[in-house]
Amino acid sequence: MSKLHVSTTVNGDSVEFLCDPRETLLDCLRDKLNLTGAKEGCGTGDCGACSVTVDGRLVCSCLMLGVEADGKDIATVEGMADGEELHPLQQKFIEYAALQCGICTPGVLVAAKALLEKNPNPTEEEARYWLAGNLCRCTGYDKIIRAVMDTAADMREAS
Amino acid sequence: MALDDQKSVFKFVGTRPDRPDGLDKVTGRAKFGADAYAAGMLHGAILRSPHAHARIVKIDASKAEAHPDVKAVVTRADFSDKVEFKPGLAGEFWNVLENVMAGEKALYDGHAVAAVAATSALAARDALKLIEVEYEVLPHVTDVDKAMVADAPVIREGASDYSVPEGLHPNVVRYHESGHGDVEAGFGEADLVIEDSFTTEATHQGYIEPHACLASLGGDGKGELWCTTQGHWIAQKTCAALLGIETAQLRVTASEIGGGFGGKTTVFIEPVALALSRKANRPVKIVMSRSEVFRATGPTSSASMDIKIGMKKDGTITAAEGIFRLQGGAFPGAPGDMTAMCAFAPYDLTNVRQVGYDVMANRPKQAAYRAPGAPMGAFAVESVLDELCNQLGLDPLDVRLKNAAHDGSKASYGPTYDQIGLVKTLEEAKAHPHYSAPLKPGQGRGISCGFWFNHGGETSVSLALSGDGSAQLMVGTPDIGGSRASMALMAAEVLGIPYENIRVTVADTATLGYNDVSHGSRVTYASGLATIKAAKHAVEKLCERAATKWGIPVDAVKWEDGCAVPSGPNAGDFDPLPLADITANMGATGGPISGHFEATPEGAGVSFGTHIVDAEVDPETGKTAITRYTVIQDAGKAIHPAYVEGQYQGGAAQGIGWALNEEYIYGEDGRLQNSIFLDYRIPVASDLPMIDTVIVEVPNPGHPFGVRGVGETGIVPPLAAIANAVSNAAGVRMRDLPMSPPRILAALKSGDG
Amino acid sequence: MDYHSPASFTEASALAAATTGVTRFLAGGTDVLVQLRSEMVTPDLLIDIKKIDGVSDITRTGDGGWTLGVAVTGAEMSEHGELGREWPGIVEAMDLIGSTQIQGRATLTGNLCNGSPAADSVPAMIAAGVTVTVTGPDAERIVPVEDIPTGPGKTSLARGEVISAVNIPPRGQNGGDAYLRFIPRTEMDIAVVGCGVSLRLDGDNVTEARVSLGAVAPTVLLVEDCASAIIGTALDDAALDALAAAASAACNPIDDKRGTIAFRTEVAGVLARRAAKIAYARAKGEQA
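Protein chains in written order, with our numbering: chain A, 35 to 193; chain B, 5 to 757; chain C, 325 to 612.
The following block holds chain A by itself, in its conformation from the complex:
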C-alpha cells in the first residue's frame, strides 16, 4: 500500500508527513520530523520513554499509529520550554539531580507536566502512581518524585 499523508500540529507547528500505516507516531516524530526527544525504550507501552500528549491527553507515542495523528495536536518534550525559559519541572530536574543517564527524562517530564496540569497538588502516592508507567533504571525515583513534588509546591505558590 502506498504511504498515507498526515497533517498534524506538533508543539504548535503545522507539519505534514507521509507514513506507512504500520509506522507509529513515535517513528514519525523521530524519523520524519527529526524530533528525537521522545525515546523508544520498549515499543510496547511499558516504559513511557516515548510519552507525548495528544490533544492534551498523555499517551505512549509507540502505541499510536502515525496516521492516527492526523488533525491532532501533539506536544513533546521539545515544546516544554518557552524559548530560553525552561518549564519549572525542567529547571527543578536539573537542580535536584533528578536524572542520571537522562534517557527516561523526556518522558518523565512530559508525564509530570500532564500530572501537574490535572492535579496541581498531588500527594507523593499520587505522583508515584501517575508516573508508574515511566520506568527509570538509574535513580530509584527518589529525586524524580522530590523534584515533581517541589515543583508542584513552587507552581502553587507562584499562581
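Since the hints were derived computationally from the structure, they do not count as laboratory data. Just so you know, not all the hints are guaranteed correct.
What the hints assert, rightly or not - Here are the computed lysine-lysine pairs in the PhoX-like style, where the Cα-Cα straight-line distance is at most 20 Å:
1. B:K11 with B:K406
2. A:K66 with B:K35
3. B:K133 with B:K62
4. C:K374 with A:K106
5. A:K106 with A:K37
6. A:K106 with C:K478
7. B:K317 with B:K406
8. B:K406 with B:K428
9. B:K226 with B:K283
Please read all numbers here as calculations on a predicted model, not as lab measurements.
Given chain A, put chains B and C in place with the hints provided.
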C-alpha cells in the same frame, strides 16, 4: 600507600552544582544512540535463532538479497577469519565474535544468525522473513546445576581453561579457589554451624535505552562508528578485530548513554552494522528492540551456592566456607571468581575458603552488571549470618561489627586492607533512627553488608586552556551518571576557576588516548585522578609563564585560588597573576597551554556499604512491600554528593527488583518467556519508598582527593538485606531469588523457604 | 497492511466482511499495536473505528443505565464522576490497566476483544451484567460480555462483526460492585488473578450477586457457586469462607511466567473475599 599531597579542604568539591549536560537532557536535545542519522543511511535488522541450541545446517538469503529494498545481507562469513579461538577468557575476541554472529551453532534463543540492511526499518524487518535458515535442533540446558552434571549437553568442547580441575563437565570453563586458615578446625570451635543452599536467577541490567549504533565502513578499511557504549575504545578495538581492520582506522564516538550498568561494556550490533555498511557501501543504523535486548544482550549470571558458617555464642565467626556456581550463558565469563572473592570480604576471618565455578549454558552471554558476581554471594552469606544471629539471639549489626574487616585486616581473598570504611558504615547504621524505629505487625527488618573491589584501569585525560581563561577538559569515559559534573568540579578545584568555566567533553577515539570502559566504579576515581593530574600539569605550565614574566625561578611560584603567586616573601613582591591574564597572552609567551595525564592508576580503594530495609509481607498473598530503605556507604570523598546519593538510590532500587520480581524465565523449550518490560518486572515509581542515604567518607589513600568509586557497591547488600527483612517478616527463611509472591506464599504454606 | 477509518459501524462491518485476510479493529490500539510491532499479528486490514460519531460518548440511557462508546478511554471513564459513583468496580477495573499513558488510549471494548483471560475490565463487566451491542453485516445483536471471549485471544464474534457499544445496566438501589486483582508489583502488570463482585442488599442480606474470576481459566469465569455462597447471607465469616472456597474450586488455571496453579487457586479465594467485602460496604453506602 597514602599520597603525600592528599587534599582534605575543598572549595568546589563537595558542592552540588547543576550538571553540564542538564539542559540538553531536559529539553530532548541530548543525542543518544538511536538519535543519529546520516545521509544515505540504511537500516539494519538481525535474524535471531528461535532455538536454544541448534546446528545451523544452511542459511539461504537469496530471496532477501534479490529484494530491491535490500542492499546487503551478512552472515558469519562476512567477519574476519583471523580471530582465534582460545580456552576460557584468553580468546575473548573470538567469544564476542561468536556471540555477535553465530558460527556453526546457534547457542541460545535470540542468537544472531544473519543480518540485512535495507532502505527503511520496516523493509529491513520484512526482509528478515525472506531468509531461510535450516536448523538441526540439539538438546539444550539453561540451569546452572543441570549444566554441570555428567549427561548435560556440551555447549563447546575445549572452552575450559587451565584453572579447571580434572573430572569436571566441559561446561565448567573456569575455576577459582582461595582463602586462608583451617576451616575444618574453625567449624570445630563453633557453638553453631549453619550450612545452607541458595539460588539467584539471572537478571538484566534493564537500561531503558536499547543498544543502537550508526556505522560507516569503506572498502579502504576506514570507518566511523557512533554507538551507545560504556567504552568506545573497547568497541573500537573489538570491532576492528572482528572486521579485520586496523584499530586506528576506526573512529568511534560515544553517544549519550541511556544507562549501562555494565551491560554496555562490550559490543553486540556494532560489528554487524559495520559489516553491513562495508558490504552496502552506505551508512547503516541498527537499533535493537527491547525484546532483542533481553534475548541477546548480557543478563547477569544465575547462581547456585552452598554456604557454611560457624559462630560462637558471642557472635565470633570461627570459619566460613562458600561454593559459588555461576552460569554465564554459552561463553566463558561468569564471574564465579568475583562472587567467591567478594562473598566474605566484609569480615575479618581466621578461617575462610571459597570456591567459584564459571559454567556455560544455553543462554545469552552474560555481561557485567554492577559489581558483577558480588550481590549473589552477599545474598547467600548474609542470609546465613542473619540466621545465625536469629538462632543465637544476637543483634545482627553487633555481630557484623564484631567481625568487621578493618584497616590492616587480611581480606578473605588475599590482600591486606588499607584504610577502609566498613566499621564506620556499621556504626552509622547503628546510630541511624531507622535501625531503632518500631516495626508494625507483618513487617520485618533486614540488614546486610556489601563489598566491591573498585577498579582503576587505563586512563587518558587532556585539558586545554582558552585565551579567555576557560578550560576544556577531554575525558574518555562515557558519562553514565553525572561524571562530567564531577570532573569539572575536580578540575575547578585544581585550577581555581569557577566550575561553570570548564566544559567537559567525552572525546572520541580519534582525539584522545586509550581509555578503559566506564566500569568497575572507576570513572570518578581514575578519570578524576587523571583530571586532577592533567590540571596540575597545566598549572605547572601556568606557573612557568608567571615565573618567566616575573623573572624568578619556577619553584618560587605557587598556584593559589586561580592565580600564580610568589611562593614566599623571598620570591619577590608581585601581585597575584590570575589564570586568564596568563592565558590571554599564552600564544606570545610560549604557545597554547594544555595539561594531560595518561596512566593505569592502581589505588582504586575498596568500598563497603551497609543497608537497612523494612519489608511488609501480605500473609494471604505473599506480596512484599518495601516500606523503608536506608543506604549507608563509604564514598571516600563525595565529589558531587547529589550524584553519589543517586548511585546509592539506584543501586538499592535495582537490588529491590532483583530480590523481589526480576528474573529470566525460560520455558522447557529453552526460549526466554519474558522478553518485554511487561513481564520482566523492574521496579516502578509506586513500588518504592524514598531511599535514604548516608554518605560515609573514609578517604581512599590512592586518590588525591580521597575518592572511592561508588557505582557498584550499592547493589551488593540489597538482595540479602531484603531477603533478611522478608524472612523475618514472614517467619520463614527465603533461599531463592526472586522472592516472588508465589514463592513466598508457598513458603508460608509449607513453613519452609 | 491497509488502513481504513470508516464513518459508521455498518461501513466498518462491511469492510471487515469483505476481506478474507486478517482484520483488526483499532480503538485505543494498546494491544493491537503491541501485536503489530512484535509481528505476532500483522493485520491485512486495520479498521480504525474512532472516526465514527459517538464512539467517545458516555450516555445515560432511559432506564438509568449507561451506554459507552467503544472508543471511550479508561481516563475518560475515571474522569466521569457519576459513572464511577454508580459502578466503581467497573471504573476501577478499567483504571487498573497499564499506566496513565495506557489509560489515555485503552478501552473496555479493546480489553474485551483482546480475548485475554487476564483482562481486568472483563470480570468487572461480567459481574455487573454488562452487555455489548454487536453490529454485523446483516443485523445487530446484544450479547452478554461473558459470551464474547471463547479462549485466549479468541472471541465469539463472527467475521464482519464489530462491537458498537457497551451497555451498562442501571445500578439501582442498594447495590455495590468491586474489582480486585493480584499483581506482583503495584502497577503495570497483567493480573495473576482477578475478581469482580457485584451485589445487591436488602437490609444486611445479599439478595443478588454475580462473581467473576479472571486469569484462572482459559476465559474469564462467571461463577454461580460464588454467588450462591453469599446470596441470602449478611456476608458473615461463614459466607466469606464459602465464597473463597467456591472461588478456589472454580479455578482451572495454568502454571506460567506470571503465577502457579497453587498460587492462583489460593489467591482467587483471597480476592473474592476482599472484593465481596468492598462491594458489600459500597452497597451499604459505607464506602466510596
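So, going through the hints one by one against the coordinates:
Between K11 of chain B and K406 of chain B the alpha-carbon distance is near 32 Å, which puts this suggested pair outside the 20 Å criterion. Taken as a hint, the K66 of chain A and K35 of chain B pair is honoured in the structure, with Cα atoms around 16 Å apart against an allowance of 20 Å. Distance restraint check for K133 of chain B and K62 of chain B: the Cα-Cα separation of roughly 15 Å lies within the 20 Å cut-off, and the hinted pair is therefore satisfied. Taken as a hint, the K374 of chain C and K106 of chain A pair is honoured in the structure, with Cα atoms around 13 Å apart against an allowance of 20 Å.
Restraint check: the Cα-Cα separation between K106 of chain A and K37 of chain A comes to about 19 Å, which is no more than 20 Å; the hinted pair holds. Under the criterion of a C-alpha separation no larger than 20 Å, the hint pairing K106 of chain A with K478 of chain C is inconsistent with the structure, at around 33 Å. Of the pairs offered as hints, the one joining K317 of chain B and K406 of chain B holds, with about 12 Å between alpha carbons and a cut-off of 20 Å not exceeded. Of the pairs offered as hints, the one joining K406 of chain B and K428 of chain B holds, with about 13 Å between alpha carbons and a cut-off of 20 Å not exceeded.
About 13 Å separates the Cα atoms of K226 of chain B and K283 of chain B, which keeps this hinted pair within 20 Å; it holds.
Hints 1, 6 from the earlier list are contradicted by this structure; the remaining hints agree with it.
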